Each structure stands twice: as C-alpha cells, then as structure tokens.
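**Student:** Single-letter residue listing:
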Amino acid sequence: MEFIISVAGVRVLVKCRFEETRQYMKDYIAKGDSYDIKASVSDEEIESMLCEIGSKNTALAEKTGLYRPIAEAFPSDYEGFVFHGAAIKYKDKAYLFTAPSGTGKSTHITLWKKYLGSDNVTVINGDKPIVTVRTGEKPMVYGTPWSGKEHWQTNTSAELSAICLLCRGKENKIERISPKESVDFLLGQVYMPHSPLSLVRTMELVDRMLSEVPVYKLYCDISEEAVKCSLEGMSTLLYNDERKKDNEN
Amino acid sequence: MRIKSGFVLRDVAGQTMVVATGEASKDFHGLIKLNPTAKDIWLWLSEGKGEDEIVALLCEKYDVSTDKAQTDLKAMLDKMDKAGFLIND
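Protein chains in written order, with the numbering used here: chain S, 1 to 249; chain W, 1001 to 1089.
It is worth saying that the hints were derived from the structure and are not from the lab. Among the clues, some could well be false.
Claimed, not checked - Below, in silico cross-link-like pairs of lysine to any residue (SDA-like), each with a Cα-Cα straight-line distance of 25 Å or less: (1) W:Lys-1026 - S:Arg-201; (2) S:Lys-180 - W:Gly-1048; (3) W:Lys-1033 - S:Lys-38; (4) S:Lys-138 - W:Lys-1049; (5) W:Lys-1033 - S:Asp-184; (6) W:Lys-1049 - S:Lys-228; (7) W:Lys-1039 - S:Ser-48; (8) S:Lys-228 - S:Lys-38; (9) W:Lys-1033 - S:Asp-92; (10) W:Lys-1026 - S:Asp-92; (11) S:Lys-180 - W:Lys-1049; (12) S:Lys-114 - S:Ser-161; (13) S:Lys-38 - W:Met-1076; (14) W:Lys-1033 - W:Gly-1048; (15) W:Lys-1026 - S:Ser-211; (16) W:Lys-1004 - S:Val-200; (17) S:Lys-180 - W:Lys-1079.
Since this is a predicted model, take the numbers as computed values, not measurements.
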C-alpha cells in the first residue's frame, strides 16, 4: 500500500507492506498526491536489518527502515536532521533531553508531566525527533512517528529553547556548558547520513544550531526537585509559579 | 602516503571534527576530534604534502624544533595508520 505523510513540513510518499506500519504513522497521514521524498524498504534491506537486530519481526524492521530515506534526505534538502533524544514542549518552547540510552530521559520527562501537569507538558517525540535549522527561522523540533518503545509522539512542533545533557546525580544541579564541550557527544546522537553531501550539511546544521541554542548539563535524581532544577535552569520560569497555576486548573 | 578518501573534516562549534562517508565509513563509524596541530597535519596530508614538507611547516607555524615536529608528526601518523586511515603508496 502507499500513502502520504507529512513530517517536519516535508511530504513523504510511504510504500509499505503492513497495515501495522500505516497505523504507526496514522497521525502524520496527509491529503493530496504530491510528495517531496519517496520512502520504501526493499526485501533485502529488511533481511539485513533482521539479521542485525536478531529478530524475526518483519513489520518492526519495515517501520524502522522507512525512516532511513527520510533521515538521508533531510540534511541536504530540508535543513534538518534526525536527533536521538527526547523532546518536550512546555509553554510553546521545546526542550531537548539527550543521554546515553538507559540514563533516564523517559523517567525525567514523566516527572515533568507529573509535577507540571500532563496537559501542559507535551512529548513531541520520545526518541527520534527531527531538528530543523532553516535559514531565516529559529531552530525547531518536530514530532515524527519514529518514537521508540514507548511510542511517545505528537504531531506538533516548537522552537528549540535548550538542549540538555542528562546525567544521573545524587543531588540536582544544572550548569550551562560551552558548545565546544558538548559537540562530540551531541554529534554522536545525530543521524550521520551515508551521502557525503548530506553528511557535510549535517555538520553545518549542528554548528548553526549550537550557535543559537544553549546547552546545559543536568545532574538529577527522580524527585520533584529534579523538575524544579531542570525547568528553572533552562528557562526564566519559576517552578513555584508554574506549580500554582497547574493546581488552579 | 595519503589519507583514504571519504573523510570529511569540519569545524563544529569551534571544535574540529572528522567523520567518514562512503567507502571509509564501512571500516570506521565514530567521530574524530582534532586539536589545531592535528587539524593542520590532516589538511596538509590531504593536500598531498610529504612528511619533510609537513615537518618544515610545523616548525615554521608553531616555532618548534625539527626534532619536536618530527616526533609529533610520527605520533599522529602512527595513530592514523593503526586506525586504518592511511594508504601507503
């Protein structure tokens, strides 16, 4: 079957075998016939992905594989890249948390929702959002269907306000770090395209993003204090005011 | 001696980074961080300059002795060779 989805303002013609794949992308399905990119996965690609992950789940391989043509095309053609991290939206601003898998990004986001209200905190994407750094625009984060095991995603976008490297800590503290200090970790979380042109553009886009968006390092536990530290460290908002408003609603 | 084709060098947020594309990316996945001297050596090698020429350039640019420049260059070339970045022809 085939259908059109719209991701970060780009129209993609998806060709797939499984209804499960269409369901996975249902929030992004768009009307009309025109498209910018074609995305499909060959039988050979599915075979080799199944070998790699040691699984027999063909539908999962198809879903995962369909992101690749998009991730390859974005840097060179649409001034964006795929980033491994969890992005949330609070008061129209996006905060992008990144850390090695298993550090606790999902846990930290769950705390934001718990203390600031699940109606106020939107998960844009829990695993692989798209970041755009388009000429004449602020850096933005966009939701995509590809969102990890929890499948936390919303078809929405917001201006990227801050990037946060998350670490586990005994006490909660946050510090701003220089782009230069953060660059090798951040580049490690960015999808590196195989096409030389897209790869060069990816590095240029990350450079532009880091010249505009502050990067913080957060040491946190799983208490309410972690949310206060994270929110106040990355914005001018005061936690107690935000909590009060939340309680009134 | 030259650097295999397929490496891309760019300054990102003031830090020089090298990544592999195409053929080179089959053997090497990570990212390489270069300090300013290493960046110069990398660029001179990719311009096709020989070891003697690079030693002379290092002495001139960094005001170091020939011995020191030779030692530094050799250390970097050894690292690059071990990582499989060089073609000896």
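**Student:** Taking each numbered hint in turn, which are not upheld by the structure, reported in ascending numerical order?
**Tutor:** Result: hints 2, 3, 4, 6, 7, 8, 9, 10, 11, 13 and 15 break, sorted rising.
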